[in-house]
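J.: Sequence lines, in order, name chains F and U. Residues in the first sequence are numbered consecutively from 1, following the numbering used here. Residues in the second sequence are numbered consecutively from 1, following the numbering used here.
The set of hints was computed from the structure by calculation and includes no laboratory data. Among these hints, one or two may not hold up.
Chain U is faced by these chain F residues, among others (derived, beta-carbon under 7 Å) [said to hold, decoys possible]:
no., residue
1, Leu3
2, Pro26
3, Ala49
4, Val59
5, Val72
6, Val97
7, Leu104
8, Leu114
9, Ala117
10, Gly122
11, Thr124
12, Thr144
13, Leu158
Where is the CB? At the ideal position from N, CA and C, for every residue including glycine.
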Amino acid sequence: MHLILFLLFAGFCLAGAINLLLQTHPINSALSLIVVMTSLAVLYLLLGAEFLAAAQIIVYSGAIMVLFVFVVMLLNAGREERTLGSRAARIVGLPAVVALLAVLATLILHIQGLGGAAISQGITTTEDLSRVLFHELLLPFEVTSVLILIAILGAVALARHGNGERPAAK
Amino acid sequence: MSFLHQEVPLAWYLLLSAALFSLGVVGFLLKRNLITVFMSIELMLNGVNLSFVTFAHQWHMHFLNTQSGPGADAVKGQIFVFFVMMVAAAEAAVGLAIIIAVFRARATLAVDRIDLMKL
């Protein structure tokens, strides 16, 4: 059961990620990114992280991707032009990525004592999570809310219409 | 019955997360649209999050099996993912606002044409 679910949603995940690279229109890329994030939520659930699975769907597939789709439609982004891009990115970057993946895969396959994941095993409840979050890590949690507030103010200031041009116009 | 309780090695999850991260890097290098480049960054963040959750699960199972060490440490990997999500949300809001500002100034989203800082 766990094996089937893992293979199915890992397949969705990889297919969505590859589709993100192959599509030329940003809206198609955004929709395949939603597929990736939703299947990742299922994988989190399989690993027993039930709160994170819910947060993944609400924050990533919900809030962040809505923002992306909204910006794509607001800017009326069309098909991207297929230029070859910088030569350095292709000549140095792509072999470096392949090398990185090879090194990571070799490391991962050589890890000793890595266990397995079975269904309904080692579930972390939201209570366990909040017990640590609101006792030990209360200060970082509160600081995060200030970070979000600053980000909202920054976004509003950056995206305000006629930013920096208003004195000249009047 | 044994089929129902078959285990998936955690190494597979880690391999998937490495593959997602690499695909994100490839997208970052090859895509020519500012918004899609930004989406590739989100893909990389998600790949890293998956490896955090995998290691948190490993730690949790280790704690359940041996009952040694503080149990509170077993969920810290997941709390890390929670903070990464918060930072990613803030980053997406600011980044997309910057993209809107760039589009207003240059009227293009192609990364080849946004080259004021190029040497």
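J.: Now look at each hint and say whether the structure bears it out.
T.: Hints, one by one, checked against the model:
Restraint check, Leu3 of chain F versus chain U: the minimum CB separation of about 5 Å is within 7 Å; hint holds. Annotation: interface hint on Pro26 of chain F holds; nearest CB of chain U at approximately 5 Å, less than 7 Å. Hint on Ala49 of chain F holds. Least Cβ distance to chain U is approximately 5 Å, under the 7 Å limit. At its closest, the beta carbon of Val59 of chain F sits 5 Å from a beta carbon of chain U; the interface hint therefore holds under the 7 Å criterion.
A least Cβ separation of about 6 Å between Val72 of chain F and chain U falls short of the 7 Å threshold, and the interface hint therefore holds. Residue-level restraint check for Val97 of chain F holds (minimum Cβ-Cβ distance to chain U is 5 Å; threshold 7 Å). Below 7 Å, beta-carbon pairs count as interface contacts, and Leu104 of chain F has one with chain U at about 4 Å; its hint therefore holds. With 7 Å as the threshold, the beta carbon of Leu114 of chain F comes within range of chain U, its nearest partner Cβ sitting at about 5 Å, so the hint holds.
Taking 7 Å as the C-beta cut-off, the interface hint given for Ala117 of chain F holds, the closest approach to chain U being about 5 Å. Satisfaction of the interface hint for Gly122 of chain F is found here, the shortest Cβ-Cβ separation to chain U being roughly 5 Å, below the 7 Å cut-off. The interface hint given for Thr124 of chain F is met, as the beta carbon of that residue sits about 5 Å from the closest beta carbon of chain U, less than 7 Å. Look at Thr144 of chain F: its Cβ gets to within about 5 Å of chain U, closer than 7 Å, so that hint holds up.
With a cut of 7 Å, the hint placing Leu158 of chain F at the interface with chain U holds, because the nearest CB-to-CB distance is about 4 Å.
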